[in-house]
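Student: All chains, please: the whole structure from these sequences, using the hints.
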Amino acid sequence: MSTLTDPPKEQFRLSMLVNDTRYRSLTFQAIAALVLALAIWYLGNNLLQNLRAAGLNISYDFLGNSAGYDINQRLIEYDNQDSHGRAALVGILNTLLVAFLACITATIFGVVAGVLRLSNNWLVSKLMAIYVEVFRNIPVLIWIIIIFTIMTAVMPGPREFRRAEPTASMLFDLFAFTNRGVYTPMPVFGNGFFASTALNWLVVLLVLAGSFFVMRRVEAKATATQEETGERPKTLLIALAVWIIPFALLMLVMGLTWEVPELKGFNFKGGIKIGGPLIALWFALSIYTGAFIAENVRAGIQAISKGQSEAAAALGLRPSRTMNLVILPQALRVIIPPLISNFLNITKNSSLAIAVGYADITATLGGITLNQTGRAIECVLLLMLFYLTASLVISMVMNVYNSSVKLKER
Amino acid sequence: MSDKKTQQIAFVAEGMIPESPPPAREAGAYKWVRENLFSSIPNSILTLAALALIYSLLSNVLPWLLNGVWTTSSLAECREVLEGKAGACFSVLTERWHQLLYGFKYPTDQYWRPNLALLLLMIALAPVLFFDLPRKLLGFTAVYPFLAFWLIWGGSILVPIVALLGFVAAAVVFQKYGKGSFAAGFFGAIATALVIWNLGGLLIPDAASDTAMLSSVPSRDLGGFMLNMMLGVTCVSLSVPLGIALALGRQSSMPFIKWICVIFIEFVRGVPLITLLFVASVMLSYFFPPDATVDFVSACGYHDHPVFGGLYR
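Residue numbers (the numbering used here), protein chains in the order written: chain A, 11 to 420; chain B, 17 to 329.
Source of the hints: derived by calculation from the structure; they are not laboratory data. All values derive from a computational prediction rather than experimental measurement. Among the clues, some could well be false.
[Stated by the list, open to error] With a straight-line Cα cutoff of 20 Å, these simulated SDA-like cross-link-like pairs (lysine to any residue) come out:
#, chain 1, residue 1, chain 2, residue 2
1, A, Lys316, A, Pro329
2, A, Lys416, A, Pro329
3, A, Lys136, B, Arg285
4, A, Lys136, B, Leu64
5, A, Lys136, B, Lys47
6, B, Lys274, A, Phe38
[What the hints assert, rightly or not] Covered by chain A, according to a simulated footprint, are these stretches of chain B (three or more residues, beta-carbon under 8 Å):
#, region
7, 49 to 55
8, 59 to 66
9, 270 to 278
For each residue, glycine too, the CB sits at the ideal point set by N, CA and C.
Tutor: Set out below in C-alpha cells:
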C-alpha cells in the first residue's frame, strides 16, 4: 500500500540567499540599496555639518535680491536693479534662443553636407569629408573661441563707418556688420492692438498659424481631388493668397515701420543687435554639430538599399521624387534617433557660452550670481534642474516626431 | 578562328582585328576627371564652386600660415619682422613649448619622467591593439598604470607597489574562491584589497616621499598636454568598463538595480559636463569631512572628471 505524500517542503536556508538564483537577486538589491543609502547618508551628513560649520543654510531667498550686474544680450527687459531670479530668466531665454537657432542651422548644415558627401562628384565629396573630420575632431570650445577671435579681428569696428572716408559701409544702408555684432532693422508696430510688443507679435504668430491651417485644408482637398480624378488641381496661387494677403493686411493695420540702426556716438543705436558672442556661439555650435548630423544623414541614406532607388527609377520617378518619396521617408527612421541626441548635445554645449561672454543660464545663474551670492549648492541645483528639464522636453518632443515617422506595422 | 581559313568570302574579315587602346577621352586622367568632376552640368557647377571655395580659403590662410615667424622673443619684435604683412606669430609656441606640454610648475629637470611614461604607454597599448604580439606583454599593460603613476607623481615607490599588491591579492582570492561561489570570491576579493591597502598605508612611513628616488610632484603642479593625455587615457580606460556595467545594469531584471542605472544615466546625460565640473570644483568640498586635505579633494576632482566624462559615451 502506498501513501501519497507531498514532496518534502524545502527548508529556507541562509546560504540560499547567495547561491539560489531565486533569492540571490534580492540579496544583491538589498546590498545595493544599503550601499546607496549609506553613501547618501554619509554625503548628506557631511554636507549638513559643513554647511553648519560655515554658517550657511539652503535658501532660495537670494533669487529675489537685486542682481546688480548688466546683461547686454537679452530678449526681455532687464536692468541691473532687477532680481537674480530675473537675471536667471534672461539667461534661460538666451540659452533657449541659441539652442533653438543652432538646432535649425546645424540640421541644415548637416543635411547639406551629408547629402553632398554622397555626391558622385569626387571633389565635393572629399571636401565634405574634410569638413566633417576637421570639425568633429576639434572640441567645440576651441571652435567657439576661434570663430569669436576671427570675427573680432576681421570685422570692422564701428568707428570705421564714421571716418571722413569710411573704410566700411552698411549693406544696403540697412545692415551693419561690425566686430561687436550685426545690427539689423527692427520691425516696429506704429499702432498695434496692444501696448506690449510681445502681445503684438503673438497676434502675428496667430495669423501665420491660421494661414498654415487653412493651407493644410487646401492641400488635403487637393490630395482628395487627385485621388478621385487623378489630376492635382494647381494650388500655388491659392497658397500665395492664403499666406500673403492676411499677413499684409495685418501689417497695414498695425502700421509696420522699420527701425534702421544708425551710427550714434561710438556705436550703432536702434535696430536689433545680434551680439558677437551670440553669433560666434551660434555659428560654432551649428557648424560643429552639423558635422555630426552630416554623418547621421549619410548613415541614414546608405542604410536604404540601392535596389530601392533603382526600383523607383525603373518606375519612372525623377531623382528628386525618388529622394522625397522613397529614400528620405525610410532614411528618416534611421536619422531621427541620433538627431535627438545631437539636439540635446547642442543644448548642453551651449553652456560653453561663458567662454565668449554670452549671458546664458550658466553665465548668469551659474557664473555671476553664484560668485556674488556664494550660493553654490542652490545655483548648481537650479542649473541642473533647468538642463534636465530642457533635455527631457526635447527628447519627448523628438520622440513624438520619431514615432510619427517610424515604420507603421499593420 | 574559323576552321575554314582557306575559304575567302568577300566583305568578311579574315581574322580578328588586334585590340586597340581605348580612345583618349575614355582613358586615364581625362576619363576620371570627366566622370568624377564634370559628368553633368550641375556637377560641373558644383566642381567649380568647390574649386572657388578652396582657392578663397587657401589664398587667405596660406600666406598667413607660411609667412609665420617662429623665432622672435616678443610680439613687438614679431611685428617688426613682419613689417605689416599678413603672418602668424608662432614664436609664442616655441617660447612656451614646455609650458604647453607639461604645464607651469612641473620641475624642469624631471621632464624625462612624463616623456618616459608616454613612451611606455605606447608599449603598454601595443598588445591591446595588435593581437599578433606575444600575449605576455599584457602583463606589462597591467603593471603600467602603477608605473606611470610613480613616474609622473614620483614620491615613494611603496605607494604604487601597495596599490598593485592589493589588486594582485584580490585577483588571487577571486581566482581561488570565485569558482565555487561568485559572491564569496567577489566580496572576499574586495575585502582582501581593502585590508592590504589599509595595512600598507600604515606601513609606509610618512617621510618616505622625501627620501624617494623620484622627487614627489603634487597634483596641482601637473598641467598642459601631459594632463590632457593623462585624463584622456584614464577616461577612456575607466569609461568602457563603467559604461558596460551601466548598460548591463540598465537591462537587468532586478528592478532596483535597473532604476539606479536608469536614473544615473539619464541624469548624467541630461546635464552639461560643465555643471558636473562645477559640482566637482565648488561643491565637492562640502560633501567630504572638514579634515580632508586639499590635495585629497583636488585628486577627487581629477578622478571624478574622467569618470563623469566617461559616462558621456
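Student: Each hint should be assessed against the structure and marked as holding or not.
Tutor: Here's how the hints hold up against the structure:
1. A:Lys316 to A:Pro329: Holds: Lys316 (chain A) and Pro329 (chain A) sit about 13 Å apart, inside 20 Å.
2. A:Lys416 to A:Pro329: violated, 23 Å
3. A:Lys136 to B:Arg285: With a Cα-Cα distance of about 33 Å, the restraint between Lys136 (chain A) and Arg285 (chain B) is violated, given a limit of 20 Å.
4. A:Lys136 to B:Leu64: At roughly 14 Å apart (the allowed maximum being 20 Å), Leu64 (chain B) and Lys136 (chain A) satisfy the hint.
5. A:Lys136 to B:Lys47: holds, 19 Å
6. B:Lys274 to A:Phe38: holds, 12 Å
7. 49 to 55: With 3 residues close enough to chain A, the hint holds.
8. 59 to 66: holds (count 4)
9. 270 to 278: Coverage by chain A holds here, the residue count being 5 at a Cβ distance below 8 Å.
Hints 2 and 3, counting from the list given before, are not met by this structure.
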